[in-house]
Structure formats: C-alpha cells, structure tokens
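Those protein sequences? They're chains A and B, same order as listed.
Residue 15 in the UniProt record's numbering sits at position 15 of the first sequence, with consecutive numbering throughout.
Residue 50 in the UniProt record's numbering sits at position 50 of the second sequence, with consecutive numbering throughout.
To be clear, the hints were calculated from the coordinates, so they are not data collected in a lab.
Fair warning: there could be bad hints in the mix.
[Said to hold, decoys possible] Residues on chain A that point at chain B, a partial pick, calculated with CB under 8 Å: (1) THR78; (2) GLY86; (3) VAL94.
None of the values given here were measured: they were computed from a predicted structure.
Glycine included, C-beta positions come from ideal geometry on N, C-alpha and C.
Single-letter residue listing:
2 protein chains.
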Amino acid sequence: MNTATARNTLRYLDDLCPGDRFESAEHALDIEQIIEFAERFDPQPFHLDEAAAGASFFGGLAASGWHTAALTMRLLVTSGLPIAGGLIGAGVEVSWLQPTRPDDVLRVCSEVLEVTPSRSRPERGIVTVRSETLNQRGEVLQRLVSRLVVPRRPQAA
Amino acid sequence: MNTATARNTLRYLDDLCPGDRFESAEHALDIEQIIEFAERFDPQPFHLDEAAAGASFFGGLAASGWHTAALTMRLLVTSGLPIAGGLIGAGVEVSWLQPTRPDDVLRVCSEVLEVTPSRSRPERGIVTVRSETLNQRGEVLQRLVSRLVVPRRPQAA
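Throw the hints in and build the complete structure from the sequences for me.
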C-alpha cells in the first residue's frame, strides 16, 4: 500500500462505527527478541533464561507481557488500526490470557466498541477499541481495550 | 542492598496488606531512549521527531505510553515492588495522565489496594497494586493498577 492510499483510508471519528473490524499484518517472535526486551525492561528469570523459565509459573520461556503489548502497538501503528492523527491512547486495560512463546507469530484483530464525540472539544472524541493479539494457532494471548483520542473530520472551509 | 537482604525482604501474599507502600529507584530518560523505543514499537511522528511532535497533539516530543509502561515495569522489578516469585501480571489498567518528556526522571510509588487468596489454588492469590509513575517534579505521568499473581508463604514441612 503506498502512502497516498494509506492516507485515503485513514479514519476520522466520523468514519468509525461500533462493530468495525481491522486486522494487522504479522510479527514473528524469537528467543533473541524476548531476551533482549526482558534485559531492558523486565529482567525476571522466566523472561531471560530457558532453564529458569521451565521451573517457573510459566513452565517455559515467556515474553514479558509488556513486550507483547509493545509488539501489539507496533502492529496497530504500522498496519492494524488506520486512525487519522495516529494512535493516541488516554488509557487501556490489558489482560494476558496465555504466555507469549518464542515461536509465536503475532497478529492483532481489532473491533470498535464505542464512538463518543467530546462534549467540550468539538474537534475530537474518544473511540474505544478492543484489540486481541493472537498467535499462529488463533489462540488469544492478550486482550487490550484502548480509549483512543480521535479527531473529527475537518470541515471544508 | 545485597542479594541476601533483598531476598529476606521479598513479600509473600501473607505479608501484604492494603495500604502497604513501596517506592522505586529512579530512571533518567533522554531523547535517544525515546526515539529508539518508538522506532521499534511505536513509530509515530510525535515519538520520533521533535519538529513533527511540536505540531502534534503532544506539543513536543513525548515518549510512547508503552515506553513509560515498560520503564515502570523495569523500576518495579529492580527496586519498586519486592514480591516473592517475581512480578506476574494477570491484567492491568493503565492511564496516561501527562506526556512523558525527554528530560523526565521517573520513579514509581506503589500502594497495595487488595489482597485476595485464591479459592481454587491454596498456594497463591491475587494482589491488586496501584503504581504511579512520577517525574522529578512529582507530576503523575502514568497510573497503573495491576492484578498480580502472588504465592503464599510456603509452610514449614
């Protein structure tokens, strides 16, 4: 998709309805990515070391939940959620339903839940979106519900 | 604090009460960290480029909310929340109250909200913790409420 096409398909608040669905491209994880993220942001044995992870709550190496969340954001920004003005979150709820494993191939399926124009700011509103991060077997690893700040379509002058 | 001391102070479910408070060490952010994280996980102009950020919703370069969240996790794991068995989240709510800026020095203040032994799993329970990420001026940038899986203190044989 070239930039012109991508720009044409960006959604403003006015373009979004509950039930609208979007699906991202894929991201293939591996052990190196999991360990590198964990060393920087979540240095716990079950994210860093296969032997230690085997004896842990996770029963094997698992990605940090924050790594799954960050990769989900990457997929949403680059292909999964074409919102005008970008993806600006006011707040989120995240549930980690299953561990993310080194051989997982992630993709994100999103559905618009609610569209609420702002009362005080006529130029924007809040869109609530549920984004499920799935692996290659269709298992839901993470469920994210985001409240996004989305601009209204500019009026013609 | 040496490792032996740190181990001695790790809290099991039985040791935690609503109102218990913990404070982390500090982490100094800078432009390079913000851009590096954004390139990998949240490649949007207002996280990547000062000029573009100045004209955006944020009015200046801002860290990805997921970067603030990941740094919060690092501070919690390394100094901010001494839980036996590590920090294992079942789910979280995150609110981003103010943008995180390149010159911010972050620290995390946590308070235990609720301690709930599991009915089905006698060896563990859920602890709900609110963690506020503050900058050097004491402004709350992010509020995180986590449901953590925490083991009970092992019984003497």
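Outcome of the hint check:
1. THR78: holds (7 Å)
2. GLY86: OK, holds: GLY86/A within 8 Å of chain B, min 5 Å.
3. VAL94: With a closest approach of 5 Å, the VAL94/A hint holds.
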